[in-house]
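Asks: Chain by chain, the residues:
There are 2 protein chains.
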Amino acid sequence: MVKVAINGYGTIGKRVADAVKAQDDMGVVGVAKTRPNFEARLAIERGYDVYAAIPETYGDFERAGINIAGTLQDLLGEADVVVDCTPGGTGAQNKSMYEKAGIKAIFQGGEKHGVAEFSFNAACNYEEALGRDFLRVVSCNTTGLCRALNPLDKEFGVEKVRALLVRRAADPNDAKKGPINSIVPDPVTLPSHHGPDVQTVLPHLNITTLAIKVPTTLMHLHVLNVVFTKNPEIDNVKAVLKKAPRIRFVSAADGITSTASIIELGRDLIRPRYDIWENCIWEESVSIKEELYFFQAIHQESIVIPENIDAIRAMAELEENGQKSIIKTNKAMGMI
Amino acid sequence: MVKVAINGYGTIGKRVADAVKAQDDMGVVGVAKTRPNFEARLAIERGYDVYAAIPETYGDFERAGINIAGTLQDLLGEADVVVDCTPGGTGAQNKSMYEKAGIKAIFQGGEKHGVAEFSFNAACNYEEALGRDFLRVVSCNTTGLCRALNPLDKEFGVEKVRALLVRRAADPNDAKKGPINSIVPDPVTLPSHHGPDVQTVLPHLNITTLAIKVPTTLMHLHVLNVVFTKNPEIDNVKAVLKKAPRIRFVSAADGITSTASIIELGRDLIRPRYDIWENCIWEESVSIKEELYFFQAIHQESIVIPENIDAIRAMAELEENGQKSIIKTNKAMGMI
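Residue numbers (the working numbering), protein chains in the order written: chain A, 56 to 391; chain B, 56 to 391.
As a list, the in silico DSSO-like pairs of lysine-lysine whose alpha-carbon atoms are at most 30 Å apart: (1) A/K285 to B/K215; (2) B/K293 to B/K209; (3) B/K285 to B/K298; (4) B/K209 to A/K344.
Per the computed footprint, the stretches of chain A lying under chain B, defined by three or more beta-carbons under 8 Å from a beta-carbon of chain B, are: (5) 241-251; (6) 331-341.
Far from chain B by the CB rule (all over 12 Å, computed), these chain A residues: (7) G144; (8) G186; (9) R187; (10) P258; (11) N291.
In short, the hints are calculated from the structure, not lab data. Owing to the predicted nature of the structure, the values given are computational and were not obtained by experimental measurement. Glycine included, every Cβ here is placed at the ideal spot set by N, Cα and C.
This is chain A alone, in the form it adopts within the complex (with noise of 0.2 Å):
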């Protein structure tokens, strides 16, 4: 039984300790936050410890009425790996921390990849993750495109590339960002840094990629071109697809119409926070015009965290084939 801790309990960090306390290998000895909010409260109500990230902190826990079970070094004392959540650039500088505390740790893709010097998708690299002490999980973005391309580079070989990414402006509870009524080319040069950071994981991929943002809080979309080395039918594509783990197809003709109606999905399915962990690929848009072309939807929120499991499960050299875990972690997870 792996003891996970899990430093930062925000978007990502609330749902990596479901997912761990989800599974039977491992368990969460404690999460740690900065501040006593609803999160903290609720933390407790789902069997959590608490832990303070800032010691000077501590006290504000206690006048919330929040028990507290230390502070982040206690937690990190304890545990055998450190799942860091924290907002982008602050796990770059907590690492001199965790080599103290001599502890493995995963970053998440908010991280530069000099992180770790290890980025990880399971489907991708899960043998090259055995045993190391850090690794860093590709963001959300990153993720969808390395589990769409890898299985189709594979069997068809990719002579090429060019994504769009439709960002979601902000996730849902995120009050203070825009854009509320327009679209943001962003960045406004090319290529955007997901390109890059595909190759941190597929170092060989030739792939451009460009993203905008727009004023919606749901989901990222996907608009995906690839040139094949080989001429694939169509079917075979699909079925590449179908195939891949992690990859859920959506049809509009079964009233699957838009990013929304893939978050309805979510809730009738009742997913914790209604969670789609799944790339979404639009059965109709997969098409061959000379080039593949097809839309994916991305859960921004979730898609990450499967990942997160397989790699602490790999690090603690736990099961040492890559598919194993992943049909591990998604049956523990609820996912079919």
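Mind docking chain B on chain A? Use the hints.
Replies: This is chain B only, laid out in the frame that chain A set:
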């Protein structure tokens, strides 16, 4: 002085009326409306005679205290050219009425190519429009694509275009349509109708288009990828685009970071209704990564207006040279 009738005084019609009024070789005989609303009142304030588009509603205008000049039939009898600005599909139904009245007619992009068997963009095929009785000005997105792609094709030879159209969900005054918080593949199948529509103007152009709808009302945004037969330098590409008519370069470095800031530019230029008649191409986005990529924003309400003016001039044979007509139209409307 060519006498112009406007049938339909909504988003397009009211703008065409003002643009005709601004020219010295044509004038507005009157505008036809279906309903006596604030736009009808304002038409009269602006000096346009208002006609009842549907004879049965004549009394409605009188009861609303709007001085009505006659019916649409009366209006058609007094004009040389009618610009049909009715909702998509209605133009085709009106065609036989225009034929009976023996009047030249311009249709909008909401109609199919077959309505006039000739689709128009001033910079692409003005000379072919000379003296025609029927003509269709292509839609806002198609106009934007034609304006940018034709000069590139002429100069460097376009081998292939891949375009994603990120469409505004509704016009600013439209309180009925959505989405308000999601991304909609629209259509979910490939290609969108825009590629074939571009080919009604530029038949030889190899173009594939995809489209999605997002929750914004201000402008469309196009993500363009162009493969050339020649290998132009980026500076030459920019020079060709900058020289092309009705294309405006904008720059993030200059503070134009989104469609919202382009609209603020239109307001600060004190443009009527803040209209942006030009394609707006982001300078920083124009780049060659093996192929050309750039972002352009398209103001759906106004981009086709100068094209309608040139169309009138071509059909009435007021000017034989397309370039001269474009310059004349632009100057009269206040485009620099």
